[in-house]
Amino acid sequence: MSIQLPIAGAVGAAAVEARRAGAPAWLAERRSAAWEAFTELPMPSPQRDEDWRRTDVSELRLEEYIADPGTAAAGEALLQAMSQLRLRAAPEAAFVASTRRGLRRREGTDMLDAQGVIICSLDDAAVQHPEQLRRALSTVPPEESKFLALWNALWRGGCFVYVPPGVEARVPVWAAHTAAGAGAAIFPATVAVLDDRASLTLIDVYASPAGDDDMVSVAATPLVLGEGARLDYCLLQQWGMGTWHVATHRASAGRDARLRFFGATLGARLQKAYWEVLLDGQGAEATLTGICFGDGAQHLDHQSLQDHRAPQTRSDLLLKVAVRDEARSIYGGLIEVQRRAQQSDGYVQNRNLMLSRGARASGIPRLEIKADDVRCSHGVTAGHIDNDQRFYLESRGVPRAEADRLIVRGFMQDALDRCPHQGVRELLTELLDEEIAGHPVAGVSSDEDVA
Amino acid sequence: MAVEAHELTKDYKYGFHDADISVFRTEKGLSEAVVAAISDHKHEPEWMLRFRLKALAHFQKRAMPAWGADLSGIDFDNIYYYVKPVEEQSRSWDDVPASIKETFDKLGIPEAERKFLAGVSAQYDSEVVYHNIREDLGKLGVVFGDCDTGLREHPEIFRKYFGTVIPPNDNKFAALNSAVWSGGSFVYVPAGVRVDIPLQAYFRINSDNMGQFERTLIIAEEGAYVHYIEGCTAPNYSSDSLHSAVVEIIAHKDAHVRYTTIQNWSDNVYNLVTKRAVAYQGAKVEWIDGNLGSKVTMKYPAIYLMGEHAHGEVLSAAFAGPGQHQDAGAKCIHVAPHTTSNIVSRSISKGGGRTSYRGHIKVYPKAEDVRVNVRCDALLLDEDSQSDTYPYMDVENPEVTIGHEATVSRVGEDQIFYLMSRGIPEQDATALIVNGFFEPFVKELPMEYAVELNRLLAVQMEGSVG
Chain A
1 MSIQLPIAGA VGAAAVEARR AGAPAWLAER RSAAWEAFTE LPMPSPQRDE DWRRTDVSEL
61 RLEEYIADPG TAAAGEALLQ AMSQLRLRAA PEAAFVASTR RGLRRREGTD MLDAQGVIIC
121 SLDDAAVQHP EQLRRALSTV PPEESKFLAL WNALWRGGCF VYVPPGVEAR VPVWAAHTAA
181 GAGAAIFPAT VAVLDDRASL TLIDVYASPA GDDDMVSVAA TPLVLGEGAR LDYCLLQQWG
241 MGTWHVATHR ASAGRDARLR FFGATLGARL QKAYWEVLLD GQGAEATLTG ICFGDGAQHL
301 DHQSLQDHRA PQTRSDLLLK VAVRDEARSI YGGLIEVQRR AQQSDGYVQN RNLMLSRGAR
361 ASGIPRLEIK ADDVRCSHGV TAGHIDNDQR FYLESRGVPR AEADRLIVRG FMQDALDRCP
421 HQGVRELLTE LLDEEIAGHP VAGVSSDEDV A
Chain B
1 MAVEAHELTK DYKYGFHDAD ISVFRTEKGL SEAVVAAISD HKHEPEWMLR FRLKALAHFQ
61 KRAMPAWGAD LSGIDFDNIY YYVKPVEEQS RSWDDVPASI KETFDKLGIP EAERKFLAGV
121 SAQYDSEVVY HNIREDLGKL GVVFGDCDTG LREHPEIFRK YFGTVIPPND NKFAALNSAV
181 WSGGSFVYVP AGVRVDIPLQ AYFRINSDNM GQFERTLIIA EEGAYVHYIE GCTAPNYSSD
241 SLHSAVVEII AHKDAHVRYT TIQNWSDNVY NLVTKRAVAY QGAKVEWIDG NLGSKVTMKY
301 PAIYLMGEHA HGEVLSAAFA GPGQHQDAGA KCIHVAPHTT SNIVSRSISK GGGRTSYRGH
361 IKVYPKAEDV RVNVRCDALL LDEDSQSDTY PYMDVENPEV TIGHEATVSR VGEDQIFYLM
421 SRGIPEQDAT ALIVNGFFEP FVKELPMEYA VELNRLLAVQ MEGSVG
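In order, the protein sequence lines correspond to chains A and B. Note that our numbering has the first sequence beginning at 1, numbered continuously upward. Note that our numbering has the second sequence beginning at 1, numbered continuously upward.
Read the hints as simulated data drawn from the structure, not as lab findings. Misleading hints may appear alongside valid ones.
[Unchecked claim] Looking from chain B toward chain A, a few residues come up when the C-beta cut is under 7 Å (computed):
hint : residue
1    : Gly-163
2    : Asp-382
3    : Glu-383
4    : Ser-387
5    : His-404
[Said to hold, decoys possible] Some residues of chain B that are not near chain A, with every Cβ distance over 10 Å (derived):
hint : residue
6    : Ser-266
7    : Leu-381
8    : Asp-384
9    : Arg-410
10   : Ile-424
[To be verified] Footprint (simulated), chain B over chain A, 3 or more residues, beta carbon under 8 Å:
hint : region
11   : 303-315
12   : 343-357
Ideal Cβ placement from N, Cα and C applies to all residues, glycine included.
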């Protein structure tokens with residue numbers, strides 16, 4: 001019998017201790033409790049857990065990944081690549097970037113600083129703005145799931161944004177999360193708290209070097225919208241093709257708040273992403289839009305929740321998925337309308353485009369309606385490139401590859417149009433074109449080996 | 001307009017029950033001894049006993065489903081698994097005991113109607129007490145009897161197909177049925193034979209705490225056509241009853257099988273049914289499935305499209321009143337290329353009732369050129385009721401066209417207003433809208449069923465508008 005020694009810096013109790021050191025008591029306590037929950041909760045199982053039936057993570061050995069790489073891993077070039085991406089899409093944005101070592105960049109925040117918008121790491125927020133941070137963290141409790149427990153135990157750095165009452169942030173905040181190197185484990189954290197009538201555009205980006213290094217990312221993004229608050233949230237997931245990615249994005253929307261959530265899923269070997277909106281206040285409204293392009297052997301799983309908890313709330317989700325090669329897409333969605341949420345409106349649309357034999361798509365849009373004065377509906381389709389469309393374009397001299405590109409672009413267009421930030425929309429259009437042309441864009445260019 | 005929640009008219013129309021006249025029944029609860037006693041009582045061949053015991057072992061090992069409706073109220077130890085009401089199978093109507101005839105009269109099966117029926121096989125408790133096959137059908141080689149007789153008189157056909165579409169280990173309740181099954185219909189239609197008139201069977205539960213575990217096996221040979229109708233209605237009882245049937249259909253090349261059910265169990269019955277068909281090349285299978293009664297129903301008629309150009313059709317209607325949960329739906333599994341399926345589901349929840357549509361569409365990698373359409377609509381009649389939709393769709397072939405749509409809404413204020421402005425009272429207006437909502441289902445029923453269903457709906461709708 002061999003005794004396995006903990007790998008230095010690996011996901012484990014020592015990594016939790018490293019994060020407890022210097023943290024305020026409430027946070028240190030929370031991390032310990034989270035670690036305990038993590039060790040007690042079983043890994044999700046395709047046999048036992050309904051929403052994991054089609055996504056198997058039983059081979060993922062979380063404790064073998066490295067959460068703390070030590071000082072050797074600098075990651076300067078990688079951070080530069082992340083910054084370049086931001087300059088390409090949103091040069092005006094304030095830029096906050098984290099690696100496994102914590103917050104590494106905080107640039108272009110002058111204008112927001114002047115407005116009283118707080119932008120810092122979660123570690124700093126825990127000390128300086130504990131109430132706001134705790135308010136947000138309370139929506140992602142560690143005991144809820146194995147992955148949320150792990151995230152709560154091990155996040156580091158990240159991006160915390162607080163927008164005071166009535167303040168309309170003049171420029172977006174761009175939060176970048178990156179890591180590199182086989183065996184890396186990163187726990188991206190983006191937290192936004194918008195006080196009453198505040199507004200903000202937040203762009204959240206996950207990326208690692210192109211390639212198929214075996215990495216793991218466990219992320220959470222609690223977003224809190226006060227009364228009448230407005231949040232435009234853009235999410236770009238562009239991990240390298242070897243990354244396991246499990247993420248919980250959860251927004252709670254107060255009275256008359258409005259959320260526009262836009263997510264693009266391009267990278268990762270396996271993704272399980274929860275996109276959730278809790279419509280807590282009367283008149284709250286959310287649109288959720290996603291585009292997803294899978295190729296190679298990617299396994300991309302989206303789970304959405306539109307929970308109508310108050311009267312006159314509205315939600316509308318559109319997810320466009322294209323799968324090629326052996327890629328597989330899973331979409332599971334739930335619209336829940338609680339009894340008191342009368343006069344609510346919920347909608348889900350999931351469209352799947354199957355681009356090759358071997359590609360697979362599943363769609364499971366569920367409705368649970370407990371109020372009668374509501375309108376809820378959903379639609380799911382799966383289809384392939386229409387030969388008539390292709391023929392039409394080819395007969396007009398458009399080469400087949402170009403015809404297919406146009407058709408896939410056309411398929412994605414109405415979702416792309418719903419992206420709330422123009423620069424991000426243009427960036428995504430370019431990335432999508434590269435994907436369609438057969439150049440997978442999972443990952444960013446960087447010479448960095450480890451970060 | 002808020003539609004107020006009212007109690008349903010409490011009278012269960014068919015909630016009469018006769019004095020218990022059973023002549024043989026096993027002890028309460030389930031054991032190898034009970035299963036052996038059932039098999040022995042029926043003088044079954046050895047292989048069937050072994051089949052039953054193996055199924056029992058699986059049932060005992062298998063966990064209760066972790067999804068779907070709440071089944072915690074079932075007490076498996078407090079159920080009679082086999083009750084035989086009369087000694088011998090009746091050969092003619094005259095031999096049927098008077099009390100049972102009365103039951104049928106109350107159910108509205110006048111003797112005169114039998115003339116129009118190809119055969120009447122009425123299941124009373126666990127054993128078929130009466131069946132009658134029109135002579136000319138018999139001459140064509142059509143077999144329509146109860147499943148026990150099928151096993152006895154057509155052992156080769158029976159054994160070839162029995163348990164092949166739904167193996168005992170398919171799910172916990174299929175295992176239970178496989179262990180203790182009794183009665184149900186056996187239908188065999190030879191190649192090329194079209195049975196023009198629907199074959200009908202009425203199922204009844206009569207004894208308190210008695211589970212009914214009928215088993216139906218329908219085989220349509222190449223080019224055959226048959227329409228089988230099963231209607232259910234059960235008396236009211238104070239404690240909960242369990243009904244767990246298994247229905248297997250085999251539609252060979254170019255055969256066409258239509259199976260119509262209207263389930264109206266009394267509101268204390270757990271109705272947990274596995275229904276599955278296989279459709280070979282060019283075959284067509286239709287499930288017309290109505291769920292009005294029971295406390296809890298879990299039933300998802302399935303079609304496995306095994307041969308090219310096979311077609312599946314499921315038309316489902318559900319109504320859930322106070323205390324009821326209808327968890328019903330459909331499954332279409334496309335194994336072969338060029339197959340098509342269509343699912344239409346309509347459900348209404350009222351007075352705290354809950355309807356759930358649960359469906360599964362699967363397209364296997366080799367099944368190209370598949371077309372599927374699913375349409376689910378739900379109406380909520382008051383704020384205490386609930387409607388859920390759980391559609392599962394797994395597509396593993398790119399050459400498909402699949403659409404699924406679902407809506408949940410309430411009776412539109414403008415619809416009501418339109419009708420009322422034309423002098424129709426509010427209650428009638430609501431009933432009209434509800435009838436219109438079920439129209440796609442009702443129009444597929446034979447006339448007498450359509451009439452009965454409309455009558456039942458009218459009863460259910462009484463007092464639904466405040």
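* **Satisfaction of the B:Gly-163 interface hint, Cβ to chain A closer than 7 Å** => 25 Å, violated
* B:Asp-384 and chain A, when compared Cβ to Cβ, separated by more than 10 Å -> B:Asp-384 not clear of chain A: closest Cβ-Cβ about 8 Å, inside 10 Å.
* Within 8 Å of chain B's CB atoms, at least three CB atoms from the region 343-357 of chain A: coverage verdict -> holds (count 5)
* B:Glu-383 as chain A interface residue, shortest Cβ-Cβ below 7 Å -> 5 Å, holds
* Interface hint compliance - B:His-404 to chain A, C-beta minimum distance less than 7 Å -> With Cβ-Cβ at 4 Å, under 7 Å, it holds.
* Since B:Leu-381 was said not to touch the interface, does its Cβ keep a gap of more than 10 Å from each Cβ of chain A? -> 7 Å, violated
* Asked: Can B:Asp-382 be said to touch chain A, with a Cβ gap under 7 Å?
  -> 6 Å, holds
* Classify the hint on B:Ser-387 as holds or violated, based on whether any CB of chain A lies nearer than 7 Å to its CB. => 5 Å, holds
* Asked: According to a criterion of three or more residues whose C-beta lies within less than 8 Å of a C-beta of chain B, is the region 303-315 of chain A covered?
  -> Violated, because only 0 residues of the region 303-315 of chain A bring their Cβ atoms closer than 8 Å to Cβ atoms of chain B.
* Reported absence of B:Ser-266 from the contact zone with chain A (all CB gaps over 10 Å) -> Given a closest Cβ separation of 26 Å, the condition holds.
* Would B:Ile-424 pass as off the interface with chain A, using Cβ distances and a cut of 10 Å? -> 21 Å, holds
* Asked: Hey, does B:Arg-410 actually stay past 10 Å from chain A on C-beta?
  -> At about 5 Å from chain A, B:Arg-410 fails to clear the 10 Å cut-off, so the statement is violated.
In this structure, the earlier hints numbered 1, 7, 8, 9, 11 are contradicted, and the remaining ones agree with it.
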